[in-house]
Structures are given as structure tokens and as C-alpha cells.
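Start from the sequences and build out the full structure, keeping to the hints where you can.
Each chain, written out:
Number of protein chains: 2
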Amino acid sequence: MSNKNISITLTTNKKQKPDVNNLVFGKVFTDHMFVMDYSSDKGWHDARITPYQPITIEPSAMIFHYGQTVFEGLKAYFSEDGKVLLFRPEKNMQRLNQSNDRLCIPAIDEELALEALKELINIDREWVPQAEGTSLYVRPFIISTEPTLGVHPANNYKFMIIMSPVGSYYKEGIHPVKIAVENKYVRAVAGGTGQAKTAGNYASSLKAQEVAEEKGYSQVLWLDGVERKYIEEVGSMNIFFKINGEVVTPELNGSILAGITRDSIIHLLKHWNVPVVEKRISIDEIFQAYKDGQLEEVFGTGTAAVISPVGELFWNNERIIVNGGQTGELSMKLYNTLTGIQLGKESDPFGWVVEVEQKVEHK
Amino acid sequence: MSNKNISITLTTNKKQKPDVNNLVFGKVFTDHMFVMDYSSDKGWHDARITPYQPITIEPSAMIFHYGQTVFEGLKAYFSEDGKVLLFRPEKNMQRLNQSNDRLCIPAIDEELALEALKELINIDREWVPQAEGTSLYVRPFIISTEPTLGVHPANNYKFMIIMSPVGSYYKEGIHPVKIAVENKYVRAVAGGTGQAKTAGNYASSLKAQEVAEEKGYSQVLWLDGVERKYIEEVGSMNIFFKINGEVVTPELNGSILAGITRDSIIHLLKHWNVPVVEKRISIDEIFQAYKDGQLEEVFGTGTAAVISPVGELFWNNERIIVNGGQTGELSMKLYNTLTGIQLGKESDPFGWVVEVEQKVEHK
Ligand SMILES: Cc1ncc(COP(=O)(O)O)c(C=O)c1O
Ligand SMILES: Cc1ncc(COP(=O)(O)O)c(C=O)c1O
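Residue numbers (the UniProt record's numbering), protein chains in the order written: chain A, 1 to 363; chain B, 1 to 363.
Simulated from the structure, these hints should not be mistaken for lab results.
Here the structure is a predicted model, which is why all the values come from computation and not from measurement.
Hints are not guaranteed to be accurate.
Just so you know, same-sequence chains aren't split out, so a pair can sit in one copy or run between any two.
Derived pair list, reagent style PhoX-like, types lysine-lysine, alpha-carbon separation capped at 25 Å [unchecked claim]: (1) K4 to K91; (2) K75 to K4; (3) K27 to K158; (4) K184 to K279; (5) K229 to K184; (6) K42 to K27; (7) K279 to K333; (8) K4 to K215; (9) K118 to K215.
Structural data, given as C-alpha cells:
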């Protein structure tokens, strides 16, 4: 029992760990998971760490019908000196509660959630992979479990944290991606759920993604749903453009996710005195900047890849090659700095890194 | 075994049926359910009717994270002469496949699904309530079950049908509802998932609904997400206005659901030579028609209530009372005719009603 009253039941049957050189994203899960229940009468209760296992749930559970659910994604890194480090995890718990608010899900105790997360990582510490570029991906999520078909905020929920060791995003070095600008489908619109991390946003994105992949693009760049010309974000990344020495990124307009990597990049750029502006940017402006020879770099930012340079953009039958299809200097510097901080190799001017302290071994 | 190869396992422990006079929507389920699995290698397979029971599912199942899911809703009615009747059930299966397409879920065999539905109703025939206004609500739905955190169309799904006896919507007579026009939140936008029956649309609607209820309104009327002035639909209903003798309803614009009741109402009105037009309608026009003394009736249409007269609309601090807050003549006639057809009491000029033929009793 910890001071936050998280009960712990350890597995008696540890799984074999996967080959760290062949990790597939989000397929293999660690030995344990965190679970906490909510009911309208008891509030959040019964915080517990248990062996990783399937859940049993009614077919009428509201999650299956009305999608009331939120999630988060963050990573635990193994540092050179043997520590396990988290990157701004409190931001994920804050954002989880912001998503909760939009989805009418009762707020969680962020401190408890953070402690549960650390406790869980500690218990499955040997699952934090040590090979270069690897990490332990952590997925907190909440689902509505009330077994009723009425459309209303549920009276029952489950908050869970599951974890999966993940491989290096850039096993063969950083390769810029090709991105198609989406004209037909819309991900989200102001007044909708775009700024929440909730399942429906991802479900609605699959179709455009499928079409883009058929054409050889790895992701889509979303435009706003109103005028269909302002840049929003990429699948699971925010997007930045370096134009004539200045870095620009779409402002938080109510329909894009407030990425934690995005926020960190903005902080770093300001720290370096690189001009950075959050504003509404049209896709025309980007193509025009390219034509004017001023589009220097484009990169996505997100927990999965940290920085993902964009080498090609396709829109309205026009294809532009950014920086000769190569990773730009600033993209590279940001990648190196941010991953350096995350791994405890670089100084951490903003105090972003949180160590998961090793506790006495659980029996 | 039926000719479509639906295997059947009957319960050995029939539940007690609820009091038909106190049925709460979607809380109690019948003794059996239909299940069919999908995997990329086998396609849809293993169609079966089993005792109603919880499902066991991995915490990493994609439904919990990326919301790839669709559903339908229809009713089985007990007729005066002891038949069990469905209303245009093939339309629900067609719409399910349209939703599937938008959500990148593999199409189901509509004929098989219809047969499964009938077989299931037959087995749980004694659950079709007989009291006036009651019915058996049928909920087909599909969830993505692949246990992987990558954002892509899943490789595994479950198609299920569950059923719940539901009470009369109008136990104490038809009472017009009060509806608030929503200015802040948006349900869906063209290019999004608004015309699919998928969980995310309902999750995103909860917040506005909550705010409206606090103000004493039972539902919200959604406006378009682009200009925020054109009328879309209500929570789980399409909407119609009778203005100066003409009935108008928003056209199918890509962001509203193509209601089956909506379609039936349009057919009936045309059959009666009542002018009916599907077009873009702004909320201003409605308030103006009211001021001009031309707004005669407003009603919602959907499977749950069939016709739901609207007695009050609230928008921008203005409140209008429709038809003195009373149910209009046309609303009443449509309600009586449609429920009459559904119950086999009125002639069925379009051949909408489908009987669930009684089979030899299953052991
Ligand atoms: C839609 C979307 N945008 C942006 C991001 C990037 O956010 P973060 O930097 O917090 O990982 C993510 C991934 O979490 C996402 O899902
Ligand atoms: C969003 C929405 N609009 C409209 C409807 C009405 O459709 P139907 O008449 O097919 O029940 C429903 C209910 O099914 C709905 O969920």
C-alpha cells in the first residue's frame, strides 16, 4: 500500500519480454496495469495495480455506443546512468482532466494518477527498454462502463493505465515523411472535440489516412473544417514551419490538440532566441513561401516521434519538396536537444524531467 | 442452425422479465444476444446466438482508444393480432454499412444481419412487451477489438445485437418538448462523421446537452459548424417545421443523420399531397416565420419517440412558443399514422412492415 492507498496485487506469472530490436508499437504490454473505478455514489475509488489482464464488460456499456472516453500518451525513458525518466508527466494528467471536462467525465485526482503511474512503472521497471531510442509507452485512459443505452453522461467509469515497450522511431536514422494535405475530410471543428484527446477524433481520421496511404503518403495534414484553408495538425502531431528564419505553428484555436511536445518546442525556441509565432496559417501561405524560396523547414511534433521532419507536402495536385527532402538543421537540433533532455543527457533548463525513484523491490 | 449458419446456444437460466409499466430505456436486456467476429484473414465469421452475457476484451482493444465503432437502433412491435413486426429493418442494415464505410469497418452481409436479428427476436419473442406504446428496442453495433495501440483501421471486430424492452415514450400523453438552439458547441461538420451513426458524435454532444438540461431544456437543436446558422438536427432526432402550410426539413448535407423516420415522414407527406421540402434552413428563418405568424408546427422524428412535437424553442435569449405549446394537428396525424403502420393497425402503402415469423420453438 502506498500513501495514496493504491492496493497492489503482483503477477505470479511474469511474461517473457519481447526482443527490444523488434518492438512493434503498442502490441505487447507489461505485466501489470493500474485500474480505478468511478461510480456516482462513491466517486473515484478502489485504486489498484493488478496483473495485466482482459476486462469483463457488459455489451451495453456506454463506451461501445456513445464513445465517452479520453486518453493520454507519454513515455518513460531509461537514462545512461540507469534512471527511469518521465517528461512533463503532470502535463498529461492536466490534459486528461481538460479532456474529461469536454467529455463530461468526472475529473481524476492528478496527483494520485501521477503516483499510480510512477508506482506502476516501478513495479514493471524491468520492462523499460534500454536500447537506444526505445522507451516504455504509457497509456492512461478512461472509459464509460455504465450498462445503459440512454445518451447521457455515464454514472460509471474505469480509469486504467497500461504500458507497452516501444522501439525506436528512427531505427534507420531520421527520414523525412511525405504528407498529403486533406481537402475532403475534416478531423474537427471549433465547438467540437478537437482539443480533447478522445477516441472519436481518431475514428474520424481513419478514412482520410487510408486514402492518403494508398497514394503513398504516410500522414494527412488537416485543414480547418470551416474555410478549409487554415492549417490544423497532422494525425498525431502538431506542425511547425520555418519560413525565412521565423518558426510558425497554428495557434491553439479550439480544434487542435495542445501538444506537450509543441509546447516544449516553443519554450526551447524562445530560450534560444529563435523567433517563433503561434498564429492562423493558411495552406496557401505555405505553398507561396515555398515558391518564394522561403520555406526552410517543416516538422511535426509529438510524443511518438518527438520531431518528425516533413520532406514533401502534397495539396491540390501540387507537390512541394521541403529542404531538398532532407532533415533541416533546426529540426535536427530540436530533436537532439529534446531527446537529450528526455534521456537526462542534456541540461534541463525548465525542470521538465521527473525521475521515477526506485523503491524497495515488491515481492 | 439456420440456412445462414447461425449457431444457437440457448440459456439454461431465463431471467425474470421487468414490469412492463416501469420500463426504463436500455437498462434491462433479453436472455440472448447475437455475436459475429471479424478478422482480416477470415472475414466475418462465427455467427452465433448465445445467452446474453458480458464480453471479455483486452484493455488495449482499439474501441477503447480510437473509437472505431458504429451502431443502429430499431424496434420490434407486438401487434394487436399477436404478430411481431419490424419497421423497415433493411434500412437500418443499409445505414449500418454506410456508417461502416465512413469508419473503415468491413461491410457486413445485410441479409445475414437481418436474418440474425429475426432469429434472435424469435428466440426472445416473449420479451416483446405487449402493453400499449411499448416495444423491444434492438441495438446492432460493431466494435473494433484488435488489441493494438496503433492508429489504423483494426484487423478485428465484433458485431453484436442486443435487445431491451422499452416503455412508452408517451405514457402520460404526448407532451411537446422544449429545445434550446446550441450556439457554442458543434456536433458535426461536413467532411466529418455526422452522417454516420458512430459513438464519437454522441460523446461530443453530451456537454451541450448537459448545459441545456441545466437551463430546463430537454434537448439541443444543433446548428451547422461552419456558419453556425443553418439548422442540423436534434440529439437523436431529425427536425421538421411546418411554415405557412409547407413542411420543411434540413436537407441531407453530409453532417446530419439520414433518419429512417425522417424518410418515412417525407414519404407519407408526399403521399398525402402535403407540400414538403428538403433544404437548407437558417434558424433566423424559423424565428422570422414565428414573428410573421407563419410557424405552425415543429416536430422531431426518430425511432425512439417516432414524432416529438416541439413546444418551445430558445435561441440567443429569445424564446418562441410553437402552436401555443400544444401538439399540432399534422404532428398528431403523422404520429398516429406511423405508429399505426408500425403496429399493423393502419394500411401500409409502402410495404414498410416486416413480420418476424414465428418458428418452431427452440428447445
Ligand atoms: C491529434 C494529436 N495532435 C498532436 C499530438 C501531439 O501531442 P503530444 O506532443 O502531447 O504528444 C498528438 C499526440 O499525442 C495527437 O494525438
Ligand atoms: C443523430 C440522430 N439523428 C436522427 C436520428 C433519427 O433516426 P431514425 O429515424 O432512423 O431513428 C437518430 C436516431 O437514430 C440519431 O441518433
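So, going through the hints one by one against the coordinates:
no.: 1; hint: K4 to K91; in the structure: within (20 Å within a copy, 53 Å between copies)
no.: 2; hint: K75 to K4; in the structure: within (23 Å within a copy, 48 Å between copies)
no.: 3; hint: K27 to K158; in the structure: both (21 Å within a copy, 19 Å between copies)
no.: 4; hint: K184 to K279; in the structure: both (23 Å within a copy, 22 Å between copies)
no.: 5; hint: K229 to K184; in the structure: both (12 Å within a copy, 22 Å between copies)
no.: 6; hint: K42 to K27; in the structure: between (34 Å within a copy, 21 Å between copies)
no.: 7; hint: K279 to K333; in the structure: within (23 Å within a copy, 54 Å between copies)
no.: 8; hint: K4 to K215; in the structure: neither (51 Å within a copy, 38 Å between copies)
no.: 9; hint: K118 to K215; in the structure: neither (42 Å within a copy, 42 Å between copies)
Violation of the numbered hints given earlier is confined to hints 8, 9; the remaining hints are satisfied by the structure.
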